[in-house]
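Fit chain U to the known structure of chain F by using the hints.
Top to bottom, those sequences are chains F and U.
For the first sequence, position 236 matches number 236 in this note's numbering, and the numbering has no gaps at all.
For the second sequence, position 20 matches number 20 in this note's numbering, and the numbering has no gaps at all.
These are calculated hints, taken from the structure and not from any lab test.
Errors might be hidden in some of the hints.
List of simulated lysine-lysine pairs, BS3-like, C-alpha gap at most 25 angstroms [stated by the list, open to error]:
| hint | chain 1 | residue 1 | chain 2 | residue 2 |
| --- | --- | --- | --- | --- |
| 1 | F | Lys-139 | U | Lys-17 |
| 2 | U | Lys-81 | U | Lys-247 |
| 3 | U | Lys-247 | F | Lys-126 |
| 4 | U | Lys-247 | F | Lys-151 |
Over 10 angstroms on every C-beta distance to chain F, these chain U residues come out as not near it, computed from the model [to be verified]:
| hint | residue |
| --- | --- |
| 5 | Gln-21 |
| 6 | Val-23 |
| 7 | Ala-25 |
| 8 | Tyr-33 |
| 9 | Val-87 |
| 10 | Leu-101 |
| 11 | Gln-194 |
| 12 | Ala-225 |
Every residue, glycine too, gets a C-beta built ideally from N, C-alpha and C.
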Amino acid sequence: MSIAVAIDRVEKHFASVVALAGVSLQIAEGEFFGLLGPNGAGKTTLISCLAGLSRPDAGRLSVLGHDVVTDYRAARRLLGVVPQELVFDPFFSVRESLRIQSGYFGIRHNDDWIDEILANLDLTAKADTNMRRLSGGMKRRVLVAQALVHKPPVIVLDEPTAGVDVELRQGLWQFVRRLNRNGHTVILTTHYLEEAEALCGRIAMLKQGRVVALDTTSNLLARFSGQTLRLRVSGQASLPNRLRSRATESDGCWTFHLSTLSEIEPLLAAVREAGCQIDELRLSQTDLEDVFLGVMQSASDRLATAP
Amino acid sequence: MSGFRTLLYKEVLRFWKVSFQTVGAPVLTALLYLMIFSHVLEAHVQVHGVPYTAFLIPGLVMMSALQNAFANSSSSLIQSKVTGSVVFVLLPPISYVEFFLAYVVAAMLRGLMVGLGVLAVTLWFALPSFVAPLWILAFIVVGGGIMGTLGIIAGIWADKFDQLAAFQNFLIMPLTMLSGVFYSIHSLPEFWQQVSRFNPVFYMIDGFRFGFFGVSDVAPETSLAVVVTSFLVAAAATLALLRSGYKLRS
Chain F
1 MSIAVAIDRV EKHFASVVAL AGVSLQIAEG EFFGLLGPNG AGKTTLISCL AGLSRPDAGR
61 LSVLGHDVVT DYRAARRLLG VVPQELVFDP FFSVRESLRI QSGYFGIRHN DDWIDEILAN
121 LDLTAKADTN MRRLSGGMKR RVLVAQALVH KPPVIVLDEP TAGVDVELRQ GLWQFVRRLN
181 RNGHTVILTT HYLEEAEALC GRIAMLKQGR VVALDTTSNL LARFSGQTLR LRVSGQASLP
241 NRLRSRATES DGCWTFHLST LSEIEPLLAA VREAGCQIDE LRLSQTDLED VFLGVMQSAS
301 DRLATAP
Chain U
1 MSGFRTLLYK EVLRFWKVSF QTVGAPVLTA LLYLMIFSHV LEAHVQVHGV PYTAFLIPGL
61 VMMSALQNAF ANSSSSLIQS KVTGSVVFVL LPPISYVEFF LAYVVAAMLR GLMVGLGVLA
121 VTLWFALPSF VAPLWILAFI VVGGGIMGTL GIIAGIWADK FDQLAAFQNF LIMPLTMLSG
181 VFYSIHSLPE FWQQVSRFNP VFYMIDGFRF GFFGVSDVAP ETSLAVVVTS FLVAAAATLA
241 LLRSGYKLRS
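If we strip away everything but chain F, and leave its shape as in the complex, we get (with noise of 0.2 angstroms):
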């Protein structure tokens, strides 16, 4: 299978601060990829990157082959990008933006397409409204019509869902799951884990500009599999040593990642022992929440220790 987008030893700084430290991925053709982290980990500058609106330090990437540099225009011509702000140009109609952005690409006479973009998105009611006039949620979907106007292979979704209801939610990944299984590339940004747990194939983990895991959805949730076991503990006595380091804490929370439930008895019996109160006690299955949580801070750990 070829290559969708290549990134090679991206690098990027902004003045100090480092966002990307050297990133590489490939992502296959008719891949569904998740690119997740926490705020400022680097994804939007990547995807920047990629798009030609931030130009790396070091390293290439590269869309179907195209350098995104030296062969910008194939490469932008073959990439859709959803920005993750809400932008939108107050002068025009959605048909107009769309017929505009169309024209940018070099395509002419676009509206039998832009029709079906306006369906699929439920946007048809509203196709000469102009832009001012409508929900967030709708330009939200404007900006991903925007993205698809000249067909591209590869589709870039920056943090599509952010502030958007359930309906259109749901009504946003049927038709990407649909061009995803019309042969196109989805790569995607997300804040919602379990958006990325059911869409993506595969998924990136980025932190502090470096990629701290890269697998398989399923291999992933494999690496942290069995049971979730969440506690919130009170008493005299606080949690024992022995029992923190197994554990990973948020909030008062303690989360202990389980391979058989067998494990619940010895370890429910310590927390007895040390005289805590149990006040809260939630058992589940693991999810690439909890997948998340650990690489995160298994990461932190083993960039703390880093020279």
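Using the frame of chain F, we list chain U on its own:
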């Protein structure tokens, strides 16, 4: 060149949709200048043997055209930068040369349109002659090009509307107002005559006016040479800026 064509179309459509402000307002302003100055000075002043009101008309036409050419590219760029919609132009395969040409030509067109509007309403007050129409056209086109180019520089450099306003108020306004719109520089003291000769806008207006009356402070060939050279210098600087991606591609 399809990117250029579409970007030019978009830029023209943008100002045309708000033509009440972008064309109507400057025509009204020029009309007010003409009414006030001609009312006060018509009976007292003749310049180059031309009645004052007729002398004033080409200056007002050119000043309005130049200021609006600058306003077009600069305000379009700052608006799209502030709202973030500039990405729609940065994501497609549009070269920096196409980008430059589209913004400059749109600025020229707005300048021409405003110039024609001012001319149309002022003709009612006095009829200047049209001795050499080709000179008229040459100066308004190249002059609009210079101002459209400066507008691109200002629009890219400014991060906020007040920075753009500073560029406009402290550079563009003095250059256009002190260029001989309202007077012949021969009526100035020697020192200020010399200062005016360093202002490229003076040559634009002087050459433009030559096209109407056949008389000018400086030979029109000299003026055209200065204006075309200024355009080439400004264009080279702007192209270098766009090529570097300054403030557009981080």
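Here is how each hint holds up against the structure:
Taking the CA atoms of F/Lys-139 and U/Lys-17, the gap is near 21 angstroms; set against the 25 angstroms cutoff, the hint holds. A distance of roughly 9 angstroms separates the Cα atoms of U/Lys-81 and U/Lys-247; the hinted pair therefore holds under the 25 angstroms criterion. As the CA atoms of U/Lys-247 and F/Lys-126 are separated by approximately 34 angstroms, the hinted pair breaks the 25 angstroms bound. Of the pairs offered as hints, the one joining U/Lys-247 and F/Lys-151 is violated, with about 29 angstroms between alpha carbons and a cut-off of 25 angstroms exceeded.
With a minimum CB-CB distance of about 12 angstroms to chain F, U/Gln-21 clears the 10 angstroms threshold, and the non-interface call stands. U/Val-23, annotated as away from the interface, keeps every beta carbon of chain F farther than 10 angstroms; the closest lies near 15 angstroms. For U/Ala-25, the condition that its CB be more than 10 angstroms from all CB atoms of chain F holds, with the nearest at approximately 17 angstroms. The Cβ of U/Tyr-33 lies farther than 10 angstroms from every Cβ of chain F, with a closest approach of about 29 angstroms, so its non-interface assignment holds.
With 10 angstroms as the threshold on Cβ separation, the claim that U/Val-87 sits away from chain F is violated: the shortest Cβ distance comes to roughly 5 angstroms. Here U/Leu-101 stays apart from chain F, with its beta-carbon at least about 14 angstroms from theirs, past the 10 angstroms limit. The Cβ of U/Gln-194 lies farther than 10 angstroms from every Cβ of chain F, with a closest approach of about 45 angstroms, so its non-interface assignment holds. Every C-beta of chain F lies more than 10 angstroms from that of U/Ala-225, the closest at about 37 angstroms, which supports listing it as non-interface.
The structure is inconsistent with the numbered hints 3, 4 and 9, although it conforms to all the rest.
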